[in-house]
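> For reference, the chains in residue letters:
Number of protein chains: 2
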Amino acid sequence: MKSDLLHDGLAVVNVGPEMFVESVRAGGAPVAHVEWRPAGDGDPRLAWLLAQLAGDPDDPESPGSRIDRANQTAVERMLAARAVLVDVALRADEVWPECWVDGKKTLTHAGAPIPWTGMCDPMKGTLIGAALHEGWAKTPEEAADRLARGEVSFIPNHDLGAVGPMSGTISPSMPVFVVRNSTGGNTAYCNFSEGIGRVLRFGAYGPEVIDRLKWIATVLAPAIKTALAALPGGVDLKAIQSQALLMGDEVHSRNAAATALFHMAIAGALAGSAFDRARARAALDFIAGNSQFFLNLSMAASKAIMDAAHGVAHSSIVTAIARNGVTTAIRVSGLGRRWFEAPSETPAGLYFPGFRQEDANADLGDSAICETAGYGGQSLAASPALVQLVGGSVAEAIAYSREMYHVTWARNPVMSLPNLEFAGAPAGIDVRKVIDTGIRPVLTTGIAHRQAGVGQIGAGIVRAPMACFTPALAALAETLGVA
Amino acid sequence: MKSDLLHDGLAVVNVGPEMFVESVRAGGAPVAHVEWRPAGDGDPRLAWLLAQLAGDPDDPESPGSRIDRANQTAVERMLAARAVLVDVALRADEVWPECWVDGKKTLTHAGAPIPWTGMCDPMKGTLIGAALHEGWAKTPEEAADRLARGEVSFIPNHDLGAVGPMSGTISPSMPVFVVRNSTGGNTAYCNFSEGIGRVLRFGAYGPEVIDRLKWIATVLAPAIKTALAALPGGVDLKAIQSQALLMGDEVHSRNAAATALFHMAIAGALAGSAFDRARARAALDFIAGNSQFFLNLSMAASKAIMDAAHGVAHSSIVTAIARNGVTTAIRVSGLGRRWFEAPSETPAGLYFPGFRQEDANADLGDSAICETAGYGGQSLAASPALVQLVGGSVAEAIAYSREMYHVTWARNPVMSLPNLEFAGAPAGIDVRKVIDTGIRPVLTTGIAHRQAGVGQIGAGIVRAPMACFTPALAALAETLGVA
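Protein chains in written order, with numbering that gives the first Met the number 0: chain P, 0 to 482; chain F, 0 to 482.
These aren't lab readings, by the way, just hints derived from the structure by calculation.
Please note that the accuracy of each hint is not assured.
Claimed, not checked - Once the Cα atoms are required to be at most 25 Å apart in a straight line, the calculated SDA-like pairs of lysine to any residue come out as:
(1) P:Lys-224 with F:Asp-275
(2) F:Lys-104 with F:Thr-186
(3) P:Lys-224 with F:Ala-287
(4) F:Lys-224 with P:Asp-210
(5) F:Lys-104 with F:Leu-89
(6) P:Lys-103 with P:Arg-336
(7) P:Lys-213 with F:Ala-268
(8) F:Lys-224 with P:Ala-277
(9) P:Lys-224 with F:Ala-268
(10) F:Lys-224 with P:Arg-276
(11) P:Lys-104 with P:Asp-210
(12) P:Lys-224 with F:Arg-276
(13) P:Lys-213 with P:Gly-454
(14) P:Lys-224 with F:Arg-278
(15) F:Lys-224 with P:Ala-273
(16) P:Lys-213 with P:Asp-120
(17) P:Lys-224 with F:Ala-273
(18) F:Lys-224 with P:Ala-281
(19) P:Lys-224 with F:Gly-288
(20) P:Lys-224 with F:Ala-277
With the hints as extra help, turn the sequences into a complete structure.
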């Protein structure tokens, strides 16, 4: 840009719409283009709200200054949070007995609440599989019938302090990871990774899927629980996430290093225990064979971290992004349990052979909790290797992280991005900044086939819809008496 | 550069010595500097040899064309080589009985042959420790006396198909890794990592050092041997090296990911075996606590790969770089077992608190075998995180790898460098190109204190001396009847 502007004679700076650049250039004048959008993307009501909610250094009692202080508190809690895997609960109904009290039937799912009739096919398949797994039906048809008739309640994972990838379902007999934030005192949960291929979370419900769920409950979960019993401090998941960012993971769509570090953290304890030898080997080999095993742990850690930042009055920090396969929904620290949702977009990325964009389901799963904690798309610069899976160049991956600094509150000193000369990762998405800049948070994600049970067909990148953020801003203004 | 040259009026291009640039610039003219050095750094005899040894597409029987064909063969063997950890030999004297036949006493060491009187202090300390470990003396003084009197023979590791980091010593009761190149049929060996701190390889020989050596021989080595017995295919070290390059390691001075991947490869098999539980845990925890554990395996793998490329008549590919703490020595594929050596330089890097450059020993150890195989300094672009240990910027790390393409024969398709958009790593250092460009191979390295037993005091970067390469070129010319 500099050289253009320093050229002798006429020089043009074009601000905003890029369409004028070419005609000026064609006329022979050097032209520099500056990307600019009006705040709130041109909506005068949003621009006016933004203006009123901006921090004002001269008026500490202005609404914007109150938001700033609240955000500082929220982000400090986020940065101070720990995330330690302390236990495995062998059954979900031990953790949330109220969901299954007196024969009540409940299944959890990803994203914001959604009725059976509105669900995408993969999520329906997952719930059918979970019902079969629990013995609530003998055939998929019977299960679908019972689910459609309302015999089973559905509840978002987030309402239980839990998260789950893709459809995200937890049923009463499933084991869950127990992750504690010892500085904040809060606890988060996640179900177990089933590996790849035909798996429940993508809506598959064949016998091999149910068999694997039984094996996870009876072998894998007890194995990890046994190892944890021999590790008095638990396993520090946040430390693993931080190390993995130096090792090519962004700990959302790539967890190769984090999985190896987790394996290394528990294998000695398991090998030293009295746990059955053949089962110990099977459990360790299962983790070793599944480079995304750590995703569920990264999600639970991110949930523990972000719940610490939730509930600070007037804070505009996003504490959850979750997708139910139809809508993308966000929660905001100062706005309680309310979801702000908008139709999900379909990820752009690379497809496995034989599949294409038309086969893709809309964005799905609770895993975008990772982005709220600064991982995934926010830390894409950490993961050049992910580019091979989702498409694009390493330079683009780095550019995504640079862009995310414009919508976040702080830099996380314990999350270094080597390719940005070890700058701290973007931390704390601020609803105001998203609207002000027009830059939507980037999410890395797996892509599900839109038919139940086909499974993962690719991986890519998607952005959270702007329409999640604009009503959140209005709601925030309301809490401050601004209109 | 472009903008300078396009400036109106006088523009100057300065080729070669940079000293003229400032005076031209001071005179007000734009000046572009082009780095250039005469081939052979201005030595007319070397330049003449280089000219005669350059490949000539019009004359397939020219000396240079014969070297080119030999190099192609050597590098193809290198790229085709596998490196599989197939076994642990519990005692070195099982592998090389000839070294200890009839009560003969032998100790190995890193680098080219060197007499006791010429050795650096750390290497003397290591040999004293090895003699104590073997029970050849009761006190360090007695050990030093026996070693000085010639009661023990010294032999370079490389002469046994082995390698060892820093002083590199192998004694008869020490276990060694057995690494097989199944495509070439050759086998390479390395001793075990002792972890960091006060360790034999840096010249420490206190009781805790000897105790740890006994524990390695009686617990760690049998544990890994037991795991390997339950892994019929062995552990594919080259595959681990390739994955680790995508995970922030250059598998010489940083092996955090490779160590975790190796741990993950053996832990299941060990946990599933009948090996004593407490010892299994101790062995796995030892590896988990030592992020450089894989270095010794990376070295053995690199030795297996480079021995495959060795012995191709007339090839100018460097198949070993090794340092005995006084000299740096290279071996060349077409020049047999001859070492070409020159005084070692002292690495530049970062020092642990309390130490400085003056405390550093000259470059030491067989670990530069990694660079000959394309790892370490050659693949520094893969390891932004290493910059935190050795100093410099990520951009400089990337620049080192780019530079190394100028002295290498090929790009290794199974070794991708993410930060170079997944280009294959530089493969096969060509003696001719080193002399022609004046670019010396970059080595990453640990820095030893120059006094025995103080241990590692830092880590850094060093270059192989040009004086290793120039006599090698002359020797190569001789084999082709060129003078």
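> Hints first: check each against the structure and report whether it holds.
Each hint, compared with the structure:
A threshold of 25 Å between alpha carbons decides the hint, and for Lys-224 of chain P with Asp-275 of chain F the separation of about 21 Å falls inside it, so the pair holds. With a CA separation close to 24 Å, the supplied pair Lys-104 of chain F and Thr-186 of chain F stays within the 25 Å bound. Among the hinted pairs, Lys-224 of chain P with Ala-287 of chain F is consistent with the structure: their alpha-carbon atoms are about 20 Å apart, no more than 25 Å. Taken as a hint, the Lys-224 of chain F and Asp-210 of chain P pair is broken in the structure, with Cα atoms around 34 Å apart against an allowance of 25 Å.
The suggested pairing of Lys-104 of chain F with Leu-89 of chain F holds, with an alpha-carbon distance near 18 Å, which does not exceed 25 Å. For a cut-off of 25 Å, the pair hint linking Lys-103 of chain P to Arg-336 of chain P stands: about 24 Å separates their Cα positions. This hinted pair checks out: Lys-213 of chain P and Ala-268 of chain F have alpha carbons roughly 23 Å apart, not beyond 25 Å. Restraint check: the Cα-Cα separation between Lys-224 of chain F and Ala-277 of chain P comes to about 18 Å, which is no more than 25 Å; the hinted pair holds.
Distance hint between Lys-224 of chain P and Ala-268 of chain F is fulfilled; the C-alpha atoms sit about 20 Å from each other, no more than 25 Å. Under the criterion of a C-alpha separation no larger than 25 Å, the hint pairing Lys-224 of chain F with Arg-276 of chain P is consistent with the structure, at around 17 Å. For the proposed pair Lys-104 of chain P and Asp-210 of chain P, the alpha carbon gap of about 21 Å is at most 25 Å, so the pair holds. Under the criterion of a C-alpha separation no larger than 25 Å, the hint pairing Lys-224 of chain P with Arg-276 of chain F is consistent with the structure, at around 17 Å.
Between Lys-213 of chain P and Gly-454 of chain P the CA atoms are separated by roughly 20 Å; this keeps the pair inside 25 Å, and the hint holds. A C-alpha spacing of about 21 Å is found between Lys-224 of chain P and Arg-278 of chain F, which places the hinted pair at or below 25 Å, so the restraint holds. With a C-alpha separation of about 22 Å, the suggested pairing of Lys-224 of chain F with Ala-273 of chain P holds against the 25 Å cut-off. Proximity of Lys-213 of chain P to Asp-120 of chain P is assessed by CA-CA distance (about 24 Å); at most 25 Å being required, the pair is judged to hold.
Between Lys-224 of chain P and Ala-273 of chain F the alpha-carbon distance is near 22 Å, which keeps this suggested pair within the 25 Å criterion. Taken as a hint, the Lys-224 of chain F and Ala-281 of chain P pair is honoured in the structure, with Cα atoms around 20 Å apart against an allowance of 25 Å. Among the hinted pairs, Lys-224 of chain P with Gly-288 of chain F is consistent with the structure: their alpha-carbon atoms are about 22 Å apart, no more than 25 Å. Of the pairs offered as hints, the one joining Lys-224 of chain P and Ala-277 of chain F holds, with about 18 Å between alpha carbons and a cut-off of 25 Å not exceeded.
Hint 4 from the earlier list is the only one contradicted by this structure; the remaining hints agree with it.
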